Amino acid sequence: MDVKKFEEDLKLLISRLGAHPNLIRVKDKLIELRVRGLVKSNHSVLEVLVADYLFSKGFEVTVEHKLTNDLVCDVYADSSEGDLIVEVETGFVPPHYSLEPRTYNLARVISKVARYSRFSKYFGLAVPSFLLL
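The opening position of the sequence shown corresponds to residue 45 in my numbering, with each subsequent residue numbered one higher.
Don't take each hint at face value.
Below, computed lysine-lysine pairings styled on BS3-like, alpha-carbon distance capped at 27 Å [stated by the list, open to error]:
1. 48 with 84
2. 84 with 73
3. 156 with 110
4. 73 with 49
5. 55 with 84
6. 73 with 156
7. 165 with 110
8. 84 with 49
9. 55 with 73
10. 48 with 73
11. 110 with 55
12. 73 with 110
13. 165 with 73
14. 101 with 165
15. 101 with 84
16. 55 with 101
17. 73 with 101
18. 48 with 110
19. 84 with 156
20. 110 with 84
21. 156 with 101
If you are wondering where the hints come from, they were derived from the structure by calculation, not from laboratory data. Since we're looking at a predicted model, the values are computed, not measured.
Whenever a hint applies, use it, and build me the whole structure from the sequences.
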């Protein structure tokens, strides 16, 4: 997907969600990262949806938040209740693991919990509803 289509899709999504300044800031950051080839469309859409929900609950939110020199979380949110890291799972399984998708996804989730949960008071995984068949 080219950058222009990516930008159009995010603008449409943001307009459907209300286009408040916080979401526009998230959109702008994701577009900047897309120009550099660092994010993909399906993943970014889920990050926007998670950010919108967390904004509505009073959190300050950043996406693609740097935790260390080599570790970036998908969504970082902070409030008076504490901070929260949310990792987005799209359900992608590389072809190499096509015969073992459950094992691959289990290992992926365990790895995310181990890597990210120590950096915040709360940790969560975001999964699109279409994966919950």
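Structure-based check of all given hints:
1. Restraint check for residue 48 and residue 84: the C-alpha separation of about 13 Å stays at or below 27 Å, so the hint holds.
2. Distance check on the hinted pair: residue 84 and residue 73 sit about 13 Å apart at the alpha-carbon level, within 27 Å; holds.
3. As the CA atoms of residue 156 and residue 110 are separated by approximately 15 Å, the hinted pair is consistent with the 27 Å bound.
4. Between residue 73 and residue 49 the alpha-carbon distance is near 16 Å, which keeps this suggested pair within the 27 Å criterion.
5. About 15 Å separates the Cα atoms of residue 55 and residue 84, which keeps this hinted pair within 27 Å; it holds.
6. Pair hint residue 73 plus residue 156 holds up; C-alpha atoms about 23 Å apart against a cutoff of 27 Å.
7. At roughly 16 Å between alpha-carbon atoms, residue 165 and residue 110 fall within 27 Å of each other, so this suggested pair holds.
8. Simply put, residue 84 and residue 49 have alpha-carbon atoms about 11 Å apart, close enough for the 27 Å limit, and the pair holds.
9. Pair hint residue 55 plus residue 73 holds up; C-alpha atoms about 12 Å apart against a cutoff of 27 Å.
10. Between residue 48 and residue 73 the alpha-carbon distance is near 15 Å, which keeps this suggested pair within the 27 Å criterion.
11. Note on residue 110 and residue 55: the hinted pairing holds, with a Cα-Cα distance of about 24 Å set against a maximum of 27 Å.
12. Simply put, residue 73 and residue 110 have alpha-carbon atoms about 13 Å apart, close enough for the 27 Å limit, and the pair holds.
13. Under the criterion of a C-alpha separation no larger than 27 Å, the hint pairing residue 165 with residue 73 is consistent with the structure, at around 25 Å.
14. At most 27 Å may separate the alpha-carbon atoms for a hinted pair to count; residue 101 and residue 165 meet this at roughly 17 Å.
15. Under the criterion of a C-alpha separation no larger than 27 Å, the hint pairing residue 101 with residue 84 is consistent with the structure, at around 26 Å.
16. Taken as a hint, the residue 55 and residue 101 pair is honoured in the structure, with Cα atoms around 22 Å apart against an allowance of 27 Å.
17. As the CA atoms of residue 73 and residue 101 are separated by approximately 21 Å, the hinted pair is consistent with the 27 Å bound.
18. About 26 Å separates the Cα atoms of residue 48 and residue 110, which keeps this hinted pair within 27 Å; it holds.
19. Restraint check: the Cα-Cα separation between residue 84 and residue 156 comes to about 19 Å, which is no more than 27 Å; the hinted pair holds.
20. A hinted pair counts as satisfied when its Cα atoms are at most 27 Å apart, and residue 110 with residue 84 qualifies at roughly 17 Å.
21. For the suggested pair residue 156 and residue 101, the alpha carbons sit about 24 Å apart, so the restraint of at most 27 Å is met.
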